[in-house]
Amino acid sequence: MLDTTRRYETPEGIALGLRIAGPVVRSCAWAIDMLIRAGLYLAIAIPFSFLGGLGFGLSLVVFFLIEWFYPVFFELRQGATPGKKAMGLEVIQDNGTPVSWSASLLRNLLRAADFLPFLYAAGLASMLLNRNFQRLGDLAAGTLVVYRDKATQRHELPEVTPIHPPQPLTREEQRTLLAFAERTPLLTAERQVELAEILSALSGRQGTAAVTELHAYASWLAQGR
Amino acid sequence: MRQLDFERRHRDAWEQLRLLLDDLERSRRKRRHSRAELARLPSLYRELCNHYAIARSRHYSPALEQQLHELVLRGHRQLYSGRSAELWRLVQFIAYGFPRALRRQIRYFWLAAVLLVLPGLLVGGFCYLQPELIYSVMDEDQVAGMEAMYDPGNRKPGRSLERSAETDMMMFGHYISNNIGIGFRTFAGGMLFGLGSVLLLLFNGVAIGAVAGHLTRVGYQDTFWSFVSGHGAFELTAIAICGASGLILGHALIAPGQLTRLDALKRRAREALPLVMGAAFMLLIAAVIEAFWSSGTAAVEIKYGVAGLLWLLVVYYLGFAGREAHGTG
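Chains R and X, in that order, give the protein sequences.
Per this note's numbering, the first sequence starts with residue 307, numbered consecutively.
Per this note's numbering, the second sequence starts with residue 222, numbered consecutively.
Excised from the complex, chain X in its bound form (with noise of 0.2 Å):
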């Protein structure tokens, strides 16, 4: 057959398929196609795959094999696309899709805790025996500051300005950059074989290990401790829940196994996801309780009390959520 007579013979189902594709593409709202229309898409399509393959095989005009080359890609997109975010899927997310995928990779996870808990425990023993060896940790005026914010004597724990509803605000703002950023660049410290989300993981142990032993041996430890210990029931565990997607991004790397290692970090990249997105969430909340209750003014007694529901929930929540009566979920 003649290229004219080809064209001539298919033009309609083109011009039909290429209508339907430009009304997909518009947005949601603007769209104008019937269901009976959608639904001969993938006929359509197909058709247009078959006609493009003879135009090729049977060297027709290139302007001609351009013009169905471009339907086809149109075509392909709008079949072969995922789903689009729903907000109904972001709540089965954090109803029991975060803790689900969490408890499939609990290994990373307690390897995280581990690079995070153990310097912290370590050097904050020493830094509660040893008066100077905060200062090889920190220099003098950041000591001078932290000491400053946890002074009894200061009215609003956590800062060394007068805090008001105002400043509580600032600081929320302060925490949600900062320590989601935190979150973040741990798990893509991951790339480098694993060793930035190892590195920030004990950077972050050290820190904090070396502040809670300094406060604890100057005497601040009521004002720092019931300051620390509700939020950072679901900022430490967010922290280390990042550092465990980090490292799967370096097991990935450095032990692809079957696959190469390529295809070994896409895959595995896909599973560590819902962990940062997870975790973002929990800093999410960490930094509310943080700038709005942590810095209040409540009672030590009660602050411990409601940290110690705060852990309760978060063990809770990612031990059990999800899970089915008869499942391994």
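In isolation and in its complexed conformation, chain R is listed as follows (with noise of 0.2 Å):
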């Protein structure tokens, strides 16, 4: 297991795997959204310079709740910037559950901090002292940055008949199997082929029939004969 990955305990006795955002991840998308934000001044400051001074108040309006509540609203909305979003991560409380508006308030306010004494310099230094690579205002609010799991496709074990295994295994070793068999179609033949010869002194095959082979193990391991 990495050593990002966080263990959640739920109420209900579940371990939760929540997988931390690095300093350098979270860069790359705060540089994202401070693309976003340059256009989204522009694109206001110049409609509103034709209205004189009355545009020119709006504008400072604007910008300012932006430039305070940019994050917040997208937070709030789907959970994390547009930033975050294109880079897979997303803004959770400390307990996996979706970030509070008040929690998502106080670290987008506690920004003011991390930026000290330049270019979010403070929120580095508590990103890199911190197991959890929090910034000072995640620290406050109880918040992580994690990947957000994308909806992974389960391959289904292949169709072959069920085989024996030869000796008994342990539940490792049947867990490595298993895990052999569904990883397969993600594997180009050569690669299954070599990783199936490893255990050619267990099958007694080579070639393409120690995969099928392995893959029988694999398929009594899951349904029996």
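Please note that the accuracy of each hint is not assured.
[To be verified] BS3-like mimics (lysine-lysine), calculated; alpha carbons at most 30 Å apart, straight line:
#1 R:K391 <-> R:K456
#2 X:K251 <-> R:K456
#3 R:K391 <-> X:K251
#4 R:K391 <-> X:K487
[Claimed, not checked] If you want the ones that stay clear, here's a sample from chain R, every Cβ over 10 Å from chain X, calculated:
#5 V330
#6 G394
#7 F424
#8 Y426
#9 T494
#10 G510
Rather than coming from a laboratory, the hints here were simulated on the basis of the structure.
Ideal placement from N, C-alpha and C gives every residue a C-beta, glycine not left out.
Both chains come to you apart, so use the hints to assemble them.
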């Protein structure tokens, strides 16, 4: 297990795995958001500039709202700013639930402290000193930035006649066989053979026959005869 | 039980939960589920948790485990997420949530107020007595600009330009972004063990005091005091409240008591947040008053009268809104 996965135990006694995002990917997300915000500023400033003092005043108000509440708006709407979403990240509470509005407000108001003394130096220092990569705002709000799990496509076990493995297997070995069978569609034929031949001593087969043999063992483990 | 039998037996329940979660993850208007289906969420979810634990302990295949884990994660989010913000709660917050929150933290407010007002009075007094002292607070151009703003010859005080409705709007935008921004930064400064908040309070007190003392000395008191006294009720109080919220963070970090620093910070930050949001609301009102009333050309006496009423309103609102007959609210 990678050391950036954090376990949170739910009231049901289930350990949820949360994959924490590090400073580099978060900086990229921030840069994307910065570009989007710069675009927004331009898109607002140009038409408003034709309205004279009124437009100038309005655009200042809108700039203020974007500066402080752009992340809050998107975090409450979809769990992540567009930049974070593009990098596959999202903001959650440290108990695995979606970020609440008070936590989102806190972490984004305290952004001003993270920015000090220049360009998020305090935030970066805080992230590097903290095992959950939390900046100061995250610490106070109790939030985490994690990778958004993509719904994984599950591959079915290959359809082959089950064969009883020639010798008893430990739990770990059984899981390894099952994992191999399920991952087969993701591997090239050469790689399948290469991996299957590691167990030639067990299966007594070579080449593609070794692959089929291991699939048969896996099938037996999953469904019996 | 073998994995495939296990899957076959429970597949329907998982699928039912998945469809319900798909539906719940859509925006409110696009949801299709019935009340009865929604009522099944907790039991379906707990059943799933059970299956996930079984799959792990029996070492079923990693892909199955992964599939169930994803569902558990999604179910957990739906079942344990907090209530979303509603407009009605905002109204309640302004009507009594904010004043109550402030009264619970009133000691921090008084400390912040002293940090803001005391240096203001001291520096203001010295600037009133010593003509050249103002130049050690700000440079010559700033002093000249400030004097031009409040020159009694200026028809609209608070700004050196001739003001029209358009510049009122422009200044409104400026007050919003500048003043509320300062308020938020004063709060965030609390993360530096309270030091940032203290410095910003002192700095603001010194700057405001110096300007007030100097302008009173040069005889512009009527334009200056009638301009600032109205919105000052909301603005100065709100800055002190932002300072108080920063001091709360600082206190949690310096003296966390029996908690770890992190836990103390998390707990106290949640208490400080209503103060900042309430102060932002007050600064918004201050900006409206400052842009559209303070700069107006009403007679000085009327302005002082309105200012007095506004101060009373602020004191009454913060001191008494949300108190119950026999409560401590």
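Going down the list of hints, with the structure as the test:
Distance restraint check for R:K391 and R:K456: the Cα-Cα separation of roughly 12 Å lies within the 30 Å cut-off, and the hinted pair is therefore satisfied. For the hint pairing X:K251 with R:K456, the CA-to-CA distance comes to about 22 Å; that is within 30 Å, so the pair holds. Restraint check: the Cα-Cα separation between R:K391 and X:K251 comes to about 22 Å, which is no more than 30 Å; the hinted pair holds. Of the supplied pair hints, the one linking R:K391 and X:K487 holds, its CA atoms being roughly 26 Å apart against a limit of 30 Å.
In this structure R:V330 is separated from chain X by more than 10 Å, as the shortest Cβ-Cβ distance comes to about 23 Å. Even its closest Cβ contact with chain X, about 15 Å, leaves R:G394 beyond 10 Å, as expected for a residue assigned away from the interface. Once the 10 Å rule is applied to beta carbons, R:F424 is consistent with being away from chain X; the minimum gap is 14 Å. Once the 10 Å rule is applied to beta carbons, R:Y426 is consistent with being away from chain X; the minimum gap is 13 Å.
Every beta carbon of chain X lies more than 10 Å from that of R:T494, the smallest distance being close to 19 Å; the non-interface claim holds. No beta-carbon of chain X comes within 10 Å of the beta-carbon of R:G510; the shortest separation is about 24 Å.
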